[in-house]
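**Q** Just so you know, the sequences run in chain order A and B.
Mapping the first sequence onto our numbering, position 179 (from 1) lands on 179, and the numbers just tick up by one.
Mapping the second sequence onto our numbering, position 10 (from 1) lands on 10, and the numbers just tick up by one.
Rather than coming from a laboratory, the hints here were simulated on the basis of the structure.
Watch out, some of these pointers could steer you wrong.
Said to hold, decoys possible - Think about it this way: if two alpha-carbon atoms lie no more than 25 Å apart in a straight line, the pair counts; the simulated DSS-like pairs of lysine-lysine are: (1) K407(A) - K429(A); (2) K297(A) - K368(A); (3) K178(B) - K112(A); (4) K257(A) - K231(A); (5) K295(A) - K310(A); (6) K297(A) - K319(A); (7) K250(A) - K215(A); (8) K34(B) - K178(B); (9) K93(A) - K162(A); (10) K231(A) - K178(B); (11) K112(A) - K351(A); (12) K131(B) - K429(A); (13) K246(A) - K215(A); (14) K236(A) - K56(B); (15) K429(A) - K163(B); (16) K133(A) - K414(A); (17) K407(A) - K178(B); (18) K231(A) - K56(B); (19) K368(A) - K236(A); (20) K131(B) - K236(A); (21) K133(A) - K447(A); (22) K241(A) - K131(B); (23) K160(A) - K138(A); (24) K257(A) - K131(B); (25) K28(B) - K162(B); (26) K250(A) - K219(A); (27) K414(A) - K447(A); (28) K231(A) - K2(B); (29) K162(A) - K429(A).
As the list claims (entries may be wrong) - Quick list of simulated restraints, FRET-style, between CB atoms: (30) T111(A) - L38(B): 23 to 31 Å; (31) D417(A) - D176(B): 30 to 38 Å; (32) I175(A) - V31(B): 46 to 54 Å; (33) I119(B) - S114(A): 33 to 41 Å; (34) F60(A) - K2(B): 54 to 62 Å.
Here the structure is a predicted model, which is why all the values come from computation and not from measurement.
Idealized CB from N, CA, C, for every residue including glycine.
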Amino acid sequence: MLNFFRRLYDFIVSLRCAILILILLAISSILGTLFPQGMPDEAVFSQYGEGSLKAKLIIFFGINDLYHSGWFQFLLIALAVNIILCTIERIPKTLKLWSHTEKDLSPARLTKFSHSVVIKSLLNFDRTIELVKQCVGKTFRAAPEIVIASDDQWSCVIQKGKFSLFMVYGLHFTILVILFGAFLGSVLGFRGMMNIVEGASENLVRIAKKDRAIKLPFKVRCDDFNIEFYKDGTPKEYVSKISILKNNKKIASAEIKVNHPFTFEGITFYQATYGSLIKEADVTFIEPKTNKTFKLKLSPHKPQPLGNTKTMVHLLDFKENFSGFGPALAIAIMTPGQNPQGSWILAKFPKFHGNKIGKFRVVVDDFKTFFYTGLQVKRDPGVWIVIFGFIGFVLFLMATFYWNYRKLWITIVKGNDSWDVYVAGRTNKNQLAFEREFHRVCEELKKALGVSEVNS
Amino acid sequence: MKSSFVLSVVTFAWLGVSVFYISYLVFKRSVVGKLASLSALLVVLLHTVGILLRWKESYELGIGHAPLSNLYESLVFGAWAIMAVYLIFEWRYRQYNLGFIPSMLSFLAMAYASFSPDIDSRIQPLIPALKSNWLIAHVITCFLGYAAFGVSFGVSVIYVLKKKYPDSFLSSIFADLKSLEEFNYQIIMFGFLWLTIGIITGAVWANSAWGSYWSWDPKETWSLITWLVYAAVLHARSVRNWRGFRVAIMSIAGFGCVLFTYFGVNFLLSGLHSYATK
Ligand code: HEM
Chain A
1 MLNFFRRLYD
11 FIVSLRCAIL
21 ILILLAISSI
31 LGTLFPQGMP
41 DEAVFSQYGE
51 GSLKAKLIIF
61 FGINDLYHSG
71 WFQFLLIALA
81 VNIILCTIER
91 IPKTLKLWSH
101 TEKDLSPARL
111 TKFSHSVVIK
121 SLLNFDRTIE
131 LVKQCVGKTF
141 RAAPEIVIAS
151 DDQWSCVIQK
161 GKFSLFMVYG
171 LHFTILVILF
181 GAFLGSVLGF
191 RGMMNIVEGA
201 SENLVRIAKK
211 DRAIKLPFKV
221 RCDDFNIEFY
231 KDGTPKEYVS
241 KISILKNNKK
251 IASAEIKVNH
261 PFTFEGITFY
271 QATYGSLIKE
281 ADVTFIEPKT
291 NKTFKLKLSP
301 HKPQPLGNTK
311 TMVHLLDFKE
321 NFSGFGPALA
331 IAIMTPGQNP
341 QGSWILAKFP
351 KFHGNKIGKF
361 RVVVDDFKTF
371 FYTGLQVKRD
381 PGVWIVIFGF
391 IGFVLFLMAT
401 FYWNYRKLWI
411 TIVKGNDSWD
421 VYVAGRTNKN
431 QLAFEREFHR
441 VCEELKKALG
451 VSEVNS
Chain B
1 MKSSFVLSVV
11 TFAWLGVSVF
21 YISYLVFKRS
31 VVGKLASLSA
41 LLVVLLHTVG
51 ILLRWKESYE
61 LGIGHAPLSN
71 LYESLVFGAW
81 AIMAVYLIFE
91 WRYRQYNLGF
101 IPSMLSFLAM
111 AYASFSPDID
121 SRIQPLIPAL
131 KSNWLIAHVI
141 TCFLGYAAFG
151 VSFGVSVIYV
161 LKKKYPDSFL
171 SSIFADLKSL
181 EEFNYQIIMF
191 GFLWLTIGII
201 TGAVWANSAW
211 GSYWSWDPKE
221 TWSLITWLVY
231 AAVLHARSVR
241 NWRGFRVAIM
251 SIAGFGCVLF
261 TYFGVNFLLS
271 GLHSYATK
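Extracted from the complex, chain A is given alone in its bound form (with noise of 0.2 Å):
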């Protein structure tokens, strides 16, 4: 038993674990985006057929709200785990080679890196050292640490960037101060619509999904929605003007366009969307075979009287646009001891043959809309959290790729008939460019030294 859990626990720390998780979480995603997402469980049933084993496995799996199903949950909270645990199990190694101490600087050693020269210098000991320190300091641009400097033999190591070892676990890290930020704003944020009619004011923020409303501790009114056009119609900007109250007085106002979202007291409002009302219509009703007509001015919970019958009529509601044919009007007529009777009313269309309601055709003279405007509203005290771990991602990520622990090592004994300076060299990362820099440090000793290569 201990063996098992042993073994689980040298997985849940192995990057092969990581990795099964980044996978999981890639497939996981792409399902995402091949199922519509935040559909109700009824709209799934209505789609792929009620009862149907796919509608089944899709709402047992949440799979019409993957990204907040409990196990896409849990896979995010797994990586978080499996970082941290990585990290911890990590840091003892990075620390070893970070106070790594140098003891054996033997050429037999040297001569066996990658990167590895060995320079004949014919000057005395003392000046070879002397030079050797002063041109590796200047072109490699560290100071070398002297470990060996006995009667016959001088050895140094210069290195510099090994604090960029601790790079990664910065940007893990910063994975973390991701997640967390996340979960924060998840938990103790909140994100609806809230919809207001120009010149209302309302306090109410629908959550999205849930049958839920938020009252915000001050009222919104809007004071005026505006869109303008480009030449060629295509849309240019939507505006809203609003004002906040507070026990009904303006205590802040503020213009809202897309992009252009407006913060109160820790809550954002973002144009979103907008749409229109009708507030009153001029209609008229004719009858056909009689040729009377009769002129009413309808607004929508105020029926009308027909003329002086007993028929009312009601101007139910407006669309925008209907099918494609312009601003339609639903208006129906209630005459007691008869079904009632209605239809849409094209506004644009007045000799449409539809127009009819019962034996009347109708025709739009004229009518006035308002507009309401669609804020988006959002409370998100993580999103500073989130900002600061992406800038920290950035940067430590840049620290990893770009900044390296390069390391020299030299080592100065009698040769045949000179000193022989042996040079040697490593590097985690960038290897082009340190090889690059290695043969400049030998190129500018040997130029040092006044002499030429042996053997590399």
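Given the coordinates of chain A, work out where chain B with the ligand should sit on it, guided by the hints.
**A** Relative to chain A, chain B with the ligand alone:
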């Protein structure tokens, strides 16, 4: 001069450049390689002029905006970015012989943008959602990432061919496998960095336009998947010590993800991104 004229010249110029690069492979004369490289530099400059002219023309139409707002403009910019990124690396790593795949990709992108009946090349006004400076930052950074992955795709294909057919006459002209591998790694890192910044600027933009920095829109999700694939490449290389062939294969697969994120999502899936509507 009109930008549309300049850009159609550029389209065929890319074909010419890639013919130069191929001739270099065939004749193996270094003067041809230098000529290919020089012509690529000149065409990039001309391409830049074309993009700047289009920018200026949009102001003359009274609807001024950076030319990065629809599928046509993004393809033109993408073609520019691939060769710009390639030339930076060609110059830094002194490899003059890897250019035929990137220049071919640039030509194909330009030809598709110019000749596909599905793509509207007119300068259109910006819809409100796209009116943001984040759009410019987002598109440029994403495309630098995509472009680097395109170059890496080219290098990977060459690597795989060279590995599989070490004795073919094409192989001898390319750098040794070790340099190719290192070159490939450098360019994947470059691409990963820019794709990361691209995803982040996109998120920040979405946060100011829609009130949510991440809404699992298909395009967003696919760019995340692409990002995960390249993260896997980097991990496989640095942690599991994968090198060469396997990294090249993963990079080829990664570029498949890039293409799907860019085209597939537009045509097969629906979402917030306006390029979907041409
Ligand atoms: C979305 C998740 C992750 C991203 C984006 C990411 C990114 C990176 C990057 C960019 C590097 C540097 C590669 C290089 O040196 O070239 C790296 C290195 C590394 N990552 Fe991750 N990582 C992620 C998750 C993880 C997880 C979950 C683990 C835990 C096992 C992990 C373990 C490592 C290790 C051990 C290195 C060492 C690199 C080295 O020392 O050379 N990573 N990661």
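**Q** Compare the distance between the alpha carbons of K112(A) and K351(A) with 25 Å, and conclude whether the hinted pair is satisfied.
**A** violated (96 Å)
**Q** Within a Cα-Cα threshold of 25 Å, do K131(B) and K236(A) meet the stated pairing?
**A** holds (9 Å)
**Q** Is the straight-line distance between the alpha-carbon of K231(A) and that of K178(B) 25 Å or less?
**A** The given pair, whose Cα atoms are some 58 Å apart, is violated under the 25 Å limit.
**Q** Given the hinted pair K133(A) and K447(A), is their Cα-Cα distance within 25 Å?
**A** Given pair K133(A), K447(A) holds - Cα atoms ~14 Å apart, limit 25 Å.
**Q** Quick check on a hinted range of 30 to 38 Å for D417(A) and D176(B), using CB atoms only.
**A** With Cβ atoms ~37 Å apart, the hint holds.
**Q** Starting from K429(A), check that the Cα of K163(B) is at most 25 Å away, please.
**A** With a Cα-Cα distance of about 23 Å, the restraint between K429(A) and K163(B) holds, given a limit of 25 Å.
**Q** Given the proposed pairing of K250(A) with K215(A), does the C-alpha separation stay at or below 25 Å?
**A** holds (18 Å)
**Q** Does the Cβ distance between F60(A) and K2(B) fall inside 54 to 62 Å?
**A** Check passed, 59 Å falls within 54 to 62 Å.
**Q** Would the hint linking K368(A) and K236(A) be met if the CA-CA limit is 25 Å?
**A** holds (23 Å)
**Q** Just tell me: holds or violated, for the beta carbon distance of T111(A) and L38(B) against 23 to 31 Å?
**A** violated (43 Å)
**Q** Under the criterion that the straight-line Cα-Cα distance not exceed 25 Å, is the pair K93(A), K162(A) satisfied?
**A** holds (14 Å)
**Q** Between K295(A) and K310(A), is the straight-line Cα distance small enough, at 25 Å or below?
**A** holds (15 Å)
In the structure shown, a violation is registered for the earlier hints numbered 10, 11, 12, 30 and 33, in ascending order.
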